[in-house]
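Colleague: Listed here are the chains, written in short residue letters.
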Amino acid sequence: MNVFERLRPPEIGPFRTGAFRSEHHNERNAATLGVALGVCFTICFATGLYSHALQTPPSWFTAFPRPAGLYRFTQGLHIATGIASIPLLVAKLWTVYPKLFTWPPFSGVAQALERLMLLPLVGGALFLVVSGVNNINLNYRWYVFNFRPGHYRAAWITVGALIVHIGAKVSTTRRVLGRSRASDTPQPSSIASPDRRGFLGAVFGTSALVTVFTVGQTFRPFRTLALLAPRRPDVGPQGFPVNRTAVEAGTANVDIDAYRLTIEGPGVRRALSLRYDELLAMPQRSAELPIACVEGWSASRQWRGVPVRHLLDLAGVPHDTHVTVASLQRHGAYSTSELTGSVTDDADTLLALTVDGAPLHPDHGYPVRLIAPNRPGVLQTKWVHKVSVR
Amino acid sequence: MTADAQIPTGSAIKDQEHGVVFWVAFVIGATVLFVFGVRGLLHDLPSATLQLSFAKWVVGADVVHDLVIAPAACALGALAHRWLSPRVRLPVQSALFASVIVLFLVQNALRGTGKFRHNASIQPLNYATATITVLVVIWLIAGAWIIVRAPRSDQRAVDPRPR
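Here the protein sequences line up with chains F and Y, keeping their order.
Note that this note's numbering has the first sequence beginning at 1, numbered continuously upward.
Note that this note's numbering has the second sequence beginning at 1001, numbered continuously upward.
Okay, chain F solo, but in the shape it has when bound:
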């Protein structure tokens, strides 16, 4: 008698044969939901990596400014897919829940490793969903570590465990999902039952429903349906949202007479110090660009201001130069942002003075804010007072 036989739990509760009577605990549902979840997680992971690379660029990555709305699309997709995956994840875990009580728990090294990997897979997936939902609501009260590295590293851990899980389940998934297509293989009646289709329909329907009621925070045609979204793209100062207000940043009362925008640093030939009225008198350019936030909302607006490239030309800075834009905001991770050469040189990279024809509201960065194509909103630095060239 081996150790598992000796430790076999009594036939009570979930260990009882036939404890889980629902017909929906079956391989086919597990495989169908697993494939859908795999697709959602892959999209979330890829779009999340892109967002992370823009915010914390690795040495091999260079941010590119075109297409202008790419980040708006990828981050909107990231959040929408993450929300859509919640019902899929819950249903998938419920479908395979009886497996938690199978005995023996494993019958070899490979199966032991596979089951061990379920710990980071399930825990990581649930953590990603919960932390993601809290993040889009700007709720950070519940953990002591920073959201972004925690979410990012949890994504890698979960995807690592997911790869192992896919390796274990690929043959079963193929067999189970291929069964319905094989006309010579009869199906068990319950597998093809209307209730089974109803179960999957309910799960995918819920997924569609929560998407429809949230995606309007970035997808304008669904704006009025965004009943469950924490943001509306048309609500906020000057008709669109903000994350950090001027009061929070300590920039609510900028003395416009004392305000100067400086272009400085070892990389400039002629340092510039410009008053607000001098900036207004410079050649202006208009561009319709989105503010696309990492929390998944976005709003396109008509911005007008001085092209960064024009200011750098006046300061004698050559093309394809990396610059740092600094805010009057004293504290916070996003009080400065980096512009790579290709972004700096893009004609639509502006130090904006107006939005939709009106001076910027303090919460939108009055007197001057950065607006550039294809960037996360947190990198569109507000209350700009300095451009540094190394």
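It should be emphasised that the hints constitute simulated quantities derived from the structure, not laboratory data.
Ideal Cβ positions, reconstructed from N, Cα and C, are used throughout, including at glycine.
Hints may contain errors.
Covered stretches of chain F (in silico footprint by chain Y; criterion: 3 or more residues with CB under 8 Å from a CB of chain Y, positions within the stretch not fixed) [said to hold, decoys possible]:
{"id": "1", "segment": "74–88"}
{"id": "2", "segment": "106–113"}
{"id": "3", "segment": "119–130"}
{"id": "4", "segment": "207–219"}
{"id": "5", "segment": "222–232"}
{"id": "6", "segment": "245–257"}
Mind docking chain Y on chain F? Use the hints.
Modeller: Here is chain Y on its own, set in the frame of chain F:
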């Protein structure tokens, strides 16, 4: 029909699922998990306090799911099975499922967490009304489903097998 009859266990799993593909996936997945995930985590969350907090969340999510959420869902399903007729069972269970998902998604907004008094653009709606509206939509769909599936379910209701 029971789960045991449909989901293979033990040595059957070993035969089907742990061939060459599994081991290749294991090497790739474990490398990704440990090199980019765990090693990066130790770098990004440098203190023991932060690492412990993270571990608590991930392991805690496992424990809460396995010991609280899933048993509660199974118990609710069993009660629905006992109390509801076959005609209404799946639509009601589905509507309950969708309602719980909606409440989870909107709970931050309902509690006003994340709101900042100087920023009216965060959670700008009346989320009690919004949530009730969505729940009404869900239960109307469930009601329509019950009506549409009535004839078929009535036929199935004569099947005495436990479900």
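Colleague: Indicate, hint by hint, whether the structure satisfies it.
Modeller: We went through each hint and held it up to the structure:
Taking a C-beta to C-beta cut-off of 8 Å, the segment 74–88 of chain F contributes 3 residues in contact with chain Y, enough for the three needed, and the coverage statement holds. Here's how the segment 106–113 of chain F fares: 5 of its residues keep a CB closer than 8 Å to some CB of chain Y, so the rule of at least three is met and the hint holds. With a threshold of 8 Å between beta carbons, the proposed coverage of the segment 119–130 of chain F by chain Y holds, since 8 of its residues qualify and at least three are required. Counting residues of the segment 207–219 of chain F whose CB lies closer than 8 Å to any CB of chain Y gives 4, so the stated coverage by that chain holds, three being the minimum.
Residues of the segment 222–232 of chain F lying with their CB closer than 8 Å to a CB of chain Y number 5, which satisfies the three-residue condition for coverage. Counting residues of the segment 245–257 of chain F whose beta-carbon sits less than 8 Å from any beta-carbon of chain Y gives 3, enough to reach three: the coverage restraint holds.
The structure shown violates none of the earlier numbered hints.
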